[in-house]
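Taken in order, these protein sequences are the chains called U and W. For what it's worth, full-length UniProt numbering labels the leading residue of the first sequence as 1, then goes sequentially. For what it's worth, full-length UniProt numbering labels the leading residue of the second sequence as 1, then goes sequentially.
In case anyone wonders, no lab produced these hints; they're calculated from the structure. Predicted model, so just to flag it, every value in this text is computed and none were measured. Be aware that a few hints might be false.
What the hints assert, rightly or not - Below 16 Å or equal to it, Euclidean Cα-Cα: the simulated EDC-like pairs (lysine to aspartate or glutamate) are: (1) W/320 <-> W/277; (2) W/256 <-> U/40; (3) U/185 <-> U/232; (4) W/256 <-> U/232.
Said to hold, decoys possible - Partial chain W-side listing against chain U, Cβ under 8 Å, derived: (5) 189; (6) 258; (7) 263; (8) 270; (9) 275; (10) 280; (11) 287; (12) 313; (13) 352; (14) 356; (15) 359.
Don't be surprised by glycine CBs; every beta carbon is placed ideally from N, CA and C.
Chain residues, written in single-letter form:
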Amino acid sequence: MAQQTTSVDHDAETDDEFRARIRRWFAENAPGRRPRDPNERKAWVRAFHASMYDARMTGPSWPVEYGGMGLSFARQVIYQEEAARARVPSPLGTGLGIVAPTIIKYGTPEQRERWLGPMLRQDLIWCQGYSEPGAGSDLPALRTTARREGDMYIVNGQKVWTTHGSDADVFFTLVRTGTQESRQKGITYLIIDADSPGITVRPLRDITGAAHFAEVFFDDVEVPVDNRIGEENEGWPLVRTSLGHERAAGAMNQATNYRRILDELIDLVRERGLGSDLIIRDRIADFEIRVRLMKYNASRVINDIIVRGEPGAASSVSRLFITMFEQELHEFAVEMLGADGIVTRGSDLAVQKGRWLMGFIATRASTIGAGTSEIQRNTIAEQVLGLPRDPAMPAR
Amino acid sequence: MITGWSEEHDQLREVVRRFLLEKSNPERVRELADGGAAGDPAVWRQMAEQLGLQGLAVPEQYGGTGMGPVELGVVMEELGRALYVGPYFSTVALAAQALTACADTTAQAAFLPRIADGSLTATVAVSDTDLGFDTTDVATTAERGGGAEWTVSGTKRYVVDGGTAGLILVAARIGDEVGLFAVDADQSGVRATPVETLDITRAVASVEFTDAAATRIDTGDADAIARAGDLATAAFAAEQIGGASAALDMTVEYAKIRVQFERPIGSFQAIKHRCADLLVQIESGRSAAFYAAALLADGDPEGAIATSAAAAWCATAYAKSSRENVQFHGGIGYTWECDAHLYLRRATVSTIVLGAPTAHRVRIADLMEV
Chain U
1 MAQQTTSVDH DAETDDEFRA RIRRWFAENA PGRRPRDPNE RKAWVRAFHA
51 SMYDARMTGP SWPVEYGGMG LSFARQVIYQ EEAARARVPS PLGTGLGIVA
101 PTIIKYGTPE QRERWLGPML RQDLIWCQGY SEPGAGSDLP ALRTTARREG
151 DMYIVNGQKV WTTHGSDADV FFTLVRTGTQ ESRQKGITYL IIDADSPGIT
201 VRPLRDITGA AHFAEVFFDD VEVPVDNRIG EENEGWPLVR TSLGHERAAG
251 AMNQATNYRR ILDELIDLVR ERGLGSDLII RDRIADFEIR VRLMKYNASR
301 VINDIIVRGE PGAASSVSRL FITMFEQELH EFAVEMLGAD GIVTRGSDLA
351 VQKGRWLMGF IATRASTIGA GTSEIQRNTI AEQVLGLPRD PAMPAR
Chain W
1 MITGWSEEHD QLREVVRRFL LEKSNPERVR ELADGGAAGD PAVWRQMAEQ
51 LGLQGLAVPE QYGGTGMGPV ELGVVMEELG RALYVGPYFS TVALAAQALT
101 ACADTTAQAA FLPRIADGSL TATVAVSDTD LGFDTTDVAT TAERGGGAEW
151 TVSGTKRYVV DGGTAGLILV AARIGDEVGL FAVDADQSGV RATPVETLDI
201 TRAVASVEFT DAAATRIDTG DADAIARAGD LATAAFAAEQ IGGASAALDM
251 TVEYAKIRVQ FERPIGSFQA IKHRCADLLV QIESGRSAAF YAAALLADGD
301 PEGAIATSAA AAWCATAYAK SSRENVQFHG GIGYTWECDA HLYLRRATVS
351 TIVLGAPTAH RVRIADLMEV
């Protein structure tokens with residue numbers, strides 16, 4: 001692919017100049033209107049990400065040698081702010097912040113060459129294949145097997161909760177190469193092409209009524225040994241590689257997003273004349289406090305990274321803080337709307353197309369996906385507070 | 001986005017924490033509490049002379065170090081953590097900041113250098129019936145004449161360190177207007193009676209003024225008293241988060257060593273999860289207190305809402321953390337010997353000092369024009 005690189009002397013540029021340059025680029029290359037049709041939308045997202053990649057305007061945290069911008073953390077934050085302002089569509093697929101650093105850290109030069117650029121350019125859409133029907137929070141219990149035969153692994157088993165699994169070109173998976181009893185010591189990190197023979201992807205209708213997830217079945221699927229990241233049976237430590245800094249900037253984006261959503265809810269309170277209800281005022285004030293604290297937490301994490309090079313204690317708590325907030329906010333909105341609140345979006349009676357009710361249903365996933373809140377609390381208790389391990393739980 | 005918690009703040013925190021470890025350990029806190037919570041004059045002098053803590057938020061021209069609300073927050077957090085007993089909150093967070101929020105250079109020159117060098121303790125009394133800055137709750141009156149320039153009469157029911165402060169800044173009514181007056185507490189027109197509250201580590205007094213000689217302070221613009229209230233409130237939120245943090249640390253230490261059913265109680269999820277939730281609340285409160293201070297330091301208009309957000313959140317976090325600390329210590333937590341009750345006392349009284357969480361949420365809803 002042709003790369004049109006603009007030569008910029010980053011060191012000579014001030015933060016303000018950098019911001020102005022980024023903003024100008026987004027203004028001149030705006031992604032245009034978001035298509036309603038799902039297939040058109042997919043193509044639209046891919047095309048915009050390809051144009052960003054070709055202009056060297058994406059991958060703010062990625063090293064330059066892998067197609068990224070190699071920005072300092074402070075510049076990444078500026079980039080994220082401008083990208084949010086320009087409403088740049090999020091990349092398709094899931095877990096890019098997990099798989100990319102894993103490949104950068106553990107992959108061979110050939111693997112980096114083969115996957116990183118196309119990932120960033122959205123030529124290949126990636127999805128995470130970790131969870132299984134019997135292995136969610138207890139991931140080391142996974143049962144999908146990979147049997148070595150010459151230069152190939154033969155994969156059999158099933159993955160589930162594969163977000164946007166139907167869109168994927170590539171799955172990054174954990175498979176069992178050791179015995180079941182070996183738990184996390186017999187797990188291998190394998191990258192599997194979605195169009196390999198023997199793969200069946202079945203969309204999974206979720207609680208919202210839509211299909212955001214899929215089940216993925218592997219029936220004697222042949223995967224080249226070259227697709228293995230790291231060594232056989234040593235995939236487990238790779239699971240935790242992720243871009244912590246990217247998460248910090250992401251938390252700021254969420255704070256900005258919920259600021260807007262709360263403002264819309266406050267407008268609704270005013271429209272409905274509920275602002276004089278003392279209980280509603282008190283609840284709104286509490287959400288107002290929390291949406292600000294979300295921003296202050298994110299700012300503090302960013303400050304800590306810039307000053308100390310480490311995210312510190314605030315980063316470990318911000319996810320629980322946000323998930324509790326978003327659930328309670330939507331629960332409150334539905335309750336506040338009374339009968340109008342329980343009308344689904346198909347009905348003419350639905351308030352704002354049923355968005356609050358949809359938010360209520362959709363945020364049930366907030367405290368489950370990517371590790372349940374209970375697991376998060378265990379992690380905080382053990383890793384931040386230093387409380388002893390539950391003897392019933394396996395060692396980390 | 002505000003950035004600002006720097007390595008210098010870490011160093012300041014470290015110095016204050018080490019000092020308090022020695023001067024404000026639990027045994028010392030109990031001794032001082034038994035003595036009416038007036039504080040230790042020798043420690044007070046060391047704080048001023050060796051560490052310069054009283055002059056932290058005092059401008060350099062008045063003998064201070066000219067730092068501001070953020071640095072004061074760091075110190076207050078450590079004082080709260082150590083349950084420090086003494087007139088720091090009243091003298092520095094309340095009085096010194098009130099003086100700097102006003103426009104009166106004469107009053108500043110008269111009092112701030114003595115506050116900074118540790119020779120003068122002070123406090124502020126705005127509301128008559130509460131510990132807040134609500135100027136609608138002022139029936140105390142000020143009149144011209146009577147030998148002094150002004151005289152003040154009335155009763156402030158709850159004044160922090162009102163029994164020991166050398167200087168009391170009193171809000172009093174002149175007709176429809178509420179003004180701020182400097183009153184020397186060492187005169188016959190001022191009579192303080194200690195008020196026993198749940199918190200034995202912080203002195204509160206009811207102070208009666210009978211034609212007490214007073215000097216009017218030029219507050220400058222009408223918002224000065226509210227601004228002084230915000231500055232004090234942000235500092236106080238930091239103190240509360242320090243206490244909340246200490247109570248959680250106590251819980252965690254105990255949960256690691258206390259064995260029941262042949263395992264440390266901290267290995268049970270019932271304990272773990274509640275500790276994790278407390279940490280979420282406390283760390284968010286720490287962010288809130290810091291940002292409130294930083295926004296006030298910058299004179300940012302968002303400072304008022306941020307301050308009330310920090311106040312409401314940190315008070316709740318401290319109350320919860322101190323109660324959980326008693327609970328997790330079980331029977332031991334209910335004894336006088338265990339320090340848990342000292343935090344419970346401080347936290348519970350702190351909840352209403354400078355406005356209860358509900359009052360701060362009302363203010364936020366008002367400011368947001370919900």
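>> Flag every earlier hint the structure violates by its number, smallest first.
In response: Result: hints 2, 4, 5, 6, 8, 13, 14, 15 break, sorted rising.
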